[in-house]
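Given chain A, work out where chain B should sit, using these hints.
Chains as they are written, first to last, in this note's numbering: chain A, 302 to 528; chain B, 830 to 1014.
Among the hints, a few may not be true.
[What the hints assert, rightly or not] Only some residues are given here: those of chain A computed to face chain B with a beta carbon under 7 Å:
#, residue
1, V400
2, Y423
3, I425
4, T442
5, I468
6, F486
7, N500
Hints in this document: simulated from the structure, not taken from any laboratory. Built from N, CA and C at the ideal position, the CB exists for glycine as well.
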Amino acid sequence: MKSVDGEVHALNPALVTFPQGCNRLARQFVADARFYHGLTRAGRAGPWALARTMLCNRGLWLLTFHRIAHYCQIQRRVRSPMWWLARLCHSVGACFNVVFCRSAFRTDCDIKGVVYLSNRGYLICGARSIGAGSLIHERCTFGYTVAGGREGRPDIGEQVWIGPNCIIAGSLTVGDGATVLPGSFVTFSVPPRAVVKGNPALIVRTNFENSALRRSLTVVQDVAPEN
Amino acid sequence: MLGGFTADVRHCAEKEKAYSGFVRLLANNYGLQALLAYRLGRWLLRAGDAYYLWPLLPVCWPFYYLLSRYAHLAFDIRLELSADIGPGLYIGHFGAIRVRQCRIGANCSIAHMTEISPAADGSGPIIGDSVWIGAHVQIVGSYRIGCGATLAAGAVVRQDVPSAALCLGNPGHVVMRSYDNRSIL
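Isolated chain A (complex conformation) (with noise of 0.2 Å):
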């Protein structure tokens, strides 16, 4: 799992536990939540913030229910007990994904570890998988397209950077640690730690460190030129 560094939170998920069954899930929320308190309320400790940080966050609450949906999806061929739990909660869900976070999800979409997704929603997610660290702001799109020869559906890596109003189509793969730049229309394979911008995208710079920009939810337009 990888965590904001440096920080301590009462929450630890290697010490908590949890009834059979749903402990992955349990395990993952925990994760989940520490990756969002560090970003949205880094700083601030005790039972309220995290309280705050569990509640507050639209997001948070759209990856809980995108990994339930998904679990349901896996799972769907042993129907244990917990299985029809998880279809309620995916069932009700569902609703509140549309109507609070204005998101949708494609329930085989694979999320691999803790990934922040925006606050302000505006998902529409048919991605394959999403690695994990990555950051993706509001208003994005990953889908597939039917037309133009390159049908099928995308791979986001890991600890990528994707900004607001961004559009990832096509069957491509987004390297580790990219920065999709605001406003972007990819259609192509983005090389690890590159930097693509415009629309239609292009290639700006390669070789760009992302971890500062992942730290904070700041959003920037452009980045310094490589020397």
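Just chain B, lined up with the frame of chain A:
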């Protein structure tokens, strides 16, 4: 009202083959719910001309208002009655769709975060038949989009688009003069 909405349902059923039956289609496609409100409102506007339909109006206008508010608040789809939408519109997703004061032809297809609205002087865009409009498209101003044109996702239209053309980018450029959009429509 019925003819236009029947065409919408037919177009929607063609696009979403996973849902069989009218009720499941309507329950799963939020755009269809917004279109139901829009078609009802347009019909009520015209029903004001026929005096024998006047008793219906005080019942139906609040119903229209509730339906359109529901589509606006729950899904953020705003199809205003000043828009003239032809039969057979398909709305792909939900969220931040704004259509007002424009003319849209028959059998079109629009997606989420699309804005079709007039310029500041009040003259709206005119869109032909069988136009495919992708996600995040903005058509703001009195532009003419020809029949069978395709606006790729993210296109920001700043000029007229000829028939059967493919428009792409910000600002939008025509990158192909003859593009067949029948497979995606």
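Hint by hint, here is what the structure shows:
1. Below 7 Å, beta-carbon pairs count as interface contacts, and V400(A) has one with chain B at about 5 Å; its hint therefore holds.
2. For Y423(A), the suggested interface contact is upheld, since its CB lies about 5 Å from the closest CB of chain B, less than 7 Å.
3. The beta carbon of I425(A) comes within 5 Å of a beta carbon in chain B, closer than 7 Å, and the hint placing it at the interface holds.
4. Hint status for T442(A) relative to chain B: holds, with the closest Cβ pair at about 5 Å, below 7 Å.
5. For I468(A), the interface hint holds, since its Cβ comes within 7 Å of a Cβ in chain B; the closest pair sits about 5 Å apart.
6. Checking F486(A) against chain B by beta carbon gives a least distance of about 4 Å; that is within 7 Å, so the hint holds.
7. Hint on N500(A) holds. Least Cβ distance to chain B is approximately 4 Å, under the 7 Å limit.
Figure legend: structure checked against the earlier numbered hints; every hint is met.
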